[in-house]
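Enquirer: Once you've looked at the hints, dock chain B against the given chain A.
One letter stands for each residue in the lines below.
There are 2 protein chains.
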Amino acid sequence: MSDYHIDGQTFDSSVGWVETRYAEFDSLPLDSGLTLAPLTLAFETYGTLNDERSNAILLLHALSGDAHAAGFHEGDSKPGWWDMMVGAGRAFDTDKYFMICSNVIGGCRGSSGPSTTDPATGRPYGLRFPVVTVPDMVRAQKLLLEHLGIERLLTVTGGSMGGMQALEWVTTYPEMVASVIPIASTHRHSPMQIAFNEVGRQAIMRDTNWRGGDYYEHDHPDAGLSVARMIGHVTYLSDESMHFKFGRRLRGKEVLGYDFTTDFEVESYLRYQGDVFIRRFDANTYLYITKALDYFDLADGHGTVVEALREVPADTRFLVIAFSSDWLYPPYQSKEIVRALKGNGLDTTYVEIHSTFGHDAFLVETDQQTHVIKHFLEVTAHREARRRA
Amino acid sequence: MSDYHIDGQTFDSSVGWVETRYAEFDSLPLDSGLTLAPLTLAFETYGTLNDERSNAILLLHALSGDAHAAGFHEGDSKPGWWDMMVGAGRAFDTDKYFMICSNVIGGCRGSSGPSTTDPATGRPYGLRFPVVTVPDMVRAQKLLLEHLGIERLLTVTGGSMGGMQALEWVTTYPEMVASVIPIASTHRHSPMQIAFNEVGRQAIMRDTNWRGGDYYEHDHPDAGLSVARMIGHVTYLSDESMHFKFGRRLRGKEVLGYDFTTDFEVESYLRYQGDVFIRRFDANTYLYITKALDYFDLADGHGTVVEALREVPADTRFLVIAFSSDWLYPPYQSKEIVRALKGNGLDTTYVEIHSTFGHDAFLVETDQQTHVIKHFLEVTAHREARRRA
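Taken in sequence, the protein lines are chains A and B. Per this note's numbering, residue 1 is the first one in the first sequence, and the count goes up by one each step. Per this note's numbering, residue 390 is the first one in the second sequence, and the count goes up by one each step.
Pulled out of the complex, with its shape left as it was, chain A reads as follows:
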């Protein structure tokens, strides 16, 4: 693996330059009863699939993530969203494992979603795109694995919505999964999580530019989408991290402005996050993905979450990670997952990482996650080797 130099820094363990690839499928039946046809999935892979096809790991992204988890796209100065976790010697060691990450259906980063052209009309779907669920996302990923010729995964993992998909994976395809690492996640969306998402959706849908979702040939609902993103960002931080990061420091002024320009650094941060988000994200996708999150309840169709996990083989390993200051997906929700797993006698390790970073911790607490995940993967790979022998 060669060295990568960007802005004077050396990224000698980076997966380096990467490209997004696209897989096409005829159709996918959805939970809503509708069928999505055709279907494109954007994906990236890092590392090399071994001859036994036994070293594949499926990495699943969160609400605003995409297939570009690691490395650099041509011309970019910033790497993928989990770059510090994926590379040679990193938590997900690409010298050992073959990593796959795909953009979810309903997304706007290469996979089929509301901004995709509807073959029936030749125009973007808009709200005519069918509503998708977390199980639908998982069934789409199953098509991708078949396409790649992978029959069993060493691990499925992801943070936030990625963790929900990982849990859905092991309940839907229990025989395909050797281990699962849900991070900063939940087995079902709580009313408070639904509430924050609903406010974001209302910000978009009440923007006059939204036009019932048919805005692609006009001005986009940038105001609504940026407000939705600002709400999100407040929930991703913590009271403590905001004290540390911003305090009551003023932005570009010595004294209060006594007007409605920016006074505080935290205001500037939020406005910036809102403004950059609209350049890379589609407002309708925000509606679809938050709705999929809100619909998510692992118990659906099973009665209880314990029942949902009943078919999981006894030798499946689980590593459940939560962060102490995460109040959007609080540790108690991860503990509920752990209880349901232990209720099925499953091999479960729970790690609550002390962090002040709130929900964002799963993206930034690299060292502590690396420590536990690396060891967990080594043991899992060892057991899988014995299983095959």
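I should point out that these hints are in silico values taken from the structure, not numbers from a laboratory. All C-beta atoms in this analysis are idealised placements derived from N, C-alpha and C, irrespective of residue type, glycine included. A hint or two may mislead.
Unchecked claim - Covered stretches of chain B, as calculated for chain A (at least 3 residues, CB under 8 Å): (1) 567 to 581; (2) 610 to 619; (3) 640 to 648; (4) 655 to 663; (5) 674 to 685.
Expert: Coordinates of chain B only, in the frame set by chain A:
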């Protein structure tokens, strides 16, 4: 006191039918260096001022409150915002005390604010209304007390922003205040509190109907204001109260809708709260009052919060109340107030009420608040009587 019957219920301890009154003043110098002239303050009073003028209590309202704290306006079926706390035999016993509540300046419920006619132009001020601060609100209330001939208050009290005003009162006019009851409040706005307010402001200011604040002769920025209110409501509840109040219950359907109509009860609740708010509240006032909150730091001009309280007489009594599930104004902020008071050797009682209602608890946890406040007021009144003797 007569009985009041509304919707079949008897309100025999209610203050009954009340009217908002208005006081006019020439001018008020503001923290910004500007002067507001003229100035109207809307206010209500309940109970009777005694001959010694020693039983007056100033009640201060929160962000969306107004002068109408108790009793019923002609034709209304709902009482004022703290009705269960103010009346004969209630926590603030109107058989004993004379209660005064005024709408803050910058407001939209009768006091001068951005929707008031600017005498210089004959049109609503809009953003030409000067920015106001919590100390400005307090100086306006001082004018009202002079108007009413009241030189000393038995208590100043209020929840949330009302508590901030109460703290400001005792630092600005320490000789006028026998006791202070700040409830679910803070001595300064934290970056997270600023952040939630800023998102609400951005929702309003990015609404195309806002027009830089000059919307009074056009469509109002209802979309932005309702989204701001929805954000507020999520922060007023708690994870626990939302589980209890809504859970994942569906609204008016047996199964998920797989569309963007309302699915969950919590969504319906938020949309309703947003929609009713725009009928009674002005979007520009939302900007002004949230800005005053964000500017609030009791230490301003004093160095530290301990220094800010240095001039408070040693016999001033404090009752600081917080609620266990309030994550918008968490108990640790009330404890910081308590530490600063004790740092000045002041007579301070701290009560943390166990409640699942989040920040809303100060409006709904009547029984527990009544218990501690009633006793506190009796002791304060007794000491005041001795003081005068």
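Enquirer: Which of the listed hints are broken here?
Expert: Checked against the structure, no hint fails, so every one of them is satisfied.
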